[in-house]
Amino acid sequence: MNRKKFYEHALNILIYLVLFLVLLITIIPIGWVLSTSIKPTAEVFANPPRWIPLKPTLSNYNNVLFESSIPNAFKNSLLVGAMTTFIALLLGGSAGYAFARFSFRGSKVLSLFMLISQMLPLTVLMIPLYYMENEVGMVDTKLGLAVAHLVVSLPLVTWMAKGYFKGIPKEIEEAAIMDGCSTMQTIIKIVLPLLKPALAATGIYAFISSWNEFALANVLTRSPRSITVPIALNEFSSFFKVDWGSTMAAAMVITIPVIVVFMMVQKQFVEGLAAGAVKG
Amino acid sequence: MKNWKSMAKKAATGFFGAAVLTGIMGSAAAAEQTTIEWWTPNWDEVESREMAAEFEAENPDIKVDLVITDWDTYKSKITTAISAKNAPELFTILLTDVAPFAKKDLLEPLRELGSAASIDFDDILEPALTITSLDGEIYGVPFRYDGSGIYYNVDLLSAAGYDEFPTDWDEMVEMSKALTKDGVYAFAWPLGNQANAATRLVQQVYTYGGEILNEDETECLLNSDEAKKALNNIVSSIQEGYASPSSAEIDNTKMRDMFGSGQLAFNFTGPFEVDTLKADYPDLNFKTAVIPGDGGMGCTTANGWCVSMAKNSENKEAAAKFLAYITTPENQARLTDSFPASKTAVEYEQFASEELKPFTEQLNNSKAEPTYENWAEMEPIIYNYIQSAVAGSMTVDEACEAMAADINALLAW
Chain A
1 MNRKKFYEHA LNILIYLVLF LVLLITIIPI GWVLSTSIKP TAEVFANPPR WIPLKPTLSN
61 YNNVLFESSI PNAFKNSLLV GAMTTFIALL LGGSAGYAFA RFSFRGSKVL SLFMLISQML
121 PLTVLMIPLY YMENEVGMVD TKLGLAVAHL VVSLPLVTWM AKGYFKGIPK EIEEAAIMDG
181 CSTMQTIIKI VLPLLKPALA ATGIYAFISS WNEFALANVL TRSPRSITVP IALNEFSSFF
241 KVDWGSTMAA AMVITIPVIV VFMMVQKQFV EGLAAGAVKG
Chain B
1 MKNWKSMAKK AATGFFGAAV LTGIMGSAAA AEQTTIEWWT PNWDEVESRE MAAEFEAENP
61 DIKVDLVITD WDTYKSKITT AISAKNAPEL FTILLTDVAP FAKKDLLEPL RELGSAASID
121 FDDILEPALT ITSLDGEIYG VPFRYDGSGI YYNVDLLSAA GYDEFPTDWD EMVEMSKALT
181 KDGVYAFAWP LGNQANAATR LVQQVYTYGG EILNEDETEC LLNSDEAKKA LNNIVSSIQE
241 GYASPSSAEI DNTKMRDMFG SGQLAFNFTG PFEVDTLKAD YPDLNFKTAV IPGDGGMGCT
301 TANGWCVSMA KNSENKEAAA KFLAYITTPE NQARLTDSFP ASKTAVEYEQ FASEELKPFT
361 EQLNNSKAEP TYENWAEMEP IIYNYIQSAV AGSMTVDEAC EAMAADINAL LAW
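As given, the protein sequences belong to chains A and B, one line each in that order.
Note that this note's numbering gives residue 166 to position 166 of the first sequence, counting from 1, and the numbers run on in steps of one.
Note that this note's numbering gives residue 222 to position 222 of the second sequence, counting from 1, and the numbers run on in steps of one.
Which stretches of chain B does chain A cover? Using the computed rule of at least three CB atoms under 8 Å from a CB of chain A, they are: (1) 38-47; (2) 73-83; (3) 266-277; (4) 280-286.
Everything labelled a hint here was simulated from the structure, so no lab data went into it.
Note that beta-carbon positions come from the ideal geometry of N, C-alpha and C, so glycine has one too.
So that you can see chain A by itself, here it is in the shape it has in the complex (with noise of 0.2 Å):
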């Protein structure tokens, strides 16, 4: 007995070293972003290194704040991820329904050729994609952003959406109806409610995944209209030097809000993907 827990002991201790470690391997890099957004200028490559600055400055932060595109680029961000999310879910839920709930000729060959397009590198999408939006005037908008974002997240929404309306038993959905629901009022009052975690994780994928997209956002936008945080950072980078300082204090800015927001919401998304492990 004193032996099993001795062996439980070390290897929880174990445990709690390498997560230590996976902790600190994930926290430095952090760190050190955060000591670089501090430093002046004359700072930032000092040899040796050095986490605290000696001379700590804030003019980094006023840069990206007061003077940069930053702000104006993380509320196009929060816009384009909005509605990338908004339509892929709306699109992408249904589509998941459907392929989950009804059966019909090429319903297996249709869910999987929509993964093709996942296989397919973005280089080779974005040409095509910028004739399209050229031609319908959406290249340098917020709205031709999010479509082309949805060439990435809608794919695999739809998959991670039809996982786990598979999940939930048929048999519940069938008494809502037999008590009277129609099929719209038994997805909303039950299907929905049941699906939240899941939902949740499902557009905290699609959202990241446009807040972060970077190939396809370089060649459609253009202009302080459109222009997203990935492609914002860039204007700290000339042909002549790299203002270290203001990048890192940029990507602070950026980050921690959604940090901030997957803290408050990463009950649900580790859930949701749960959830979609069970059943696919």
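Assemble chain B onto chain A, guided by the hints.
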């Protein structure tokens, strides 16, 4: 009461009439105004905005919209837009970017259009204009033209017993060995960046009198003795330890910061660093020199920036008028921290400082960066073999033979 009503009616009619008239006049004025778009890089933003505002004040019938690009993404943005025939009227690109676009017939020929708008092509430095010309036609108006030189840390060289920078490569190697100590390296190579790395090899090849391709561009000459000497200079400096071991991961901008913070004793870069180094590293005591070579001054590759016009532009005359304005000698001088491409502007006092003199001298031994049709495909081949040789997985001979064989296969494709 009736009078009041009548007056109100008249006033309303008058107001409505005035509003309609203003609207018509306004829309007529708006219809007459031509809007052109100029994509300009972020390091020229302030001057570009000033020039656009000045031009608009002088030409109320033309409105200039600016789109600010950056170094990392300007090329992909312009390539996509120009391929989709959605490019702006004018855009700032590297001189060596012009030929690939011109060969695909995506740029507007400027000799006649520009001359009609009073662009003085005779005032543009011949080497710069040559890079932006194809088959006798001009496809870009150069406004900046420069090559690399040396920046050296006076204090570090003095401590090692050197008052001046050597002009011979072997002397420089001897000095580099003396400079490398206490965590400070003599210099570095920007081998973490494909374009930067290829440019450095090309400079070395040119220094020894070599070439990248033969005259009719059908055979690669990177397996020549000159090219092997050139690659050996890069490889041996890193393997013998006087060039920074970080060379395999860094680019030109990182080298600049390493030099500024005293981790490198000297650095190869362009004249545009003079002012920014002074601003970012006020304690740095530096001077400039020409690049050492094989028994004398080495060769630098020269490049610069120009403004080109998209072939599918809608407002070519208005764009040419603005192009003429931004490339006057005075405005070229405003748009550059290094050297303008205008013969008149290059004589201005601002380009005659002590720090800039070696760069002027260096231009006497300079060649244009490669503008071969397949250069974009050749660069990654050259880059991979430089990396292999530096990593020690290939000898210099093997790397040069392999890069020539691969490029020959590419040319024969």
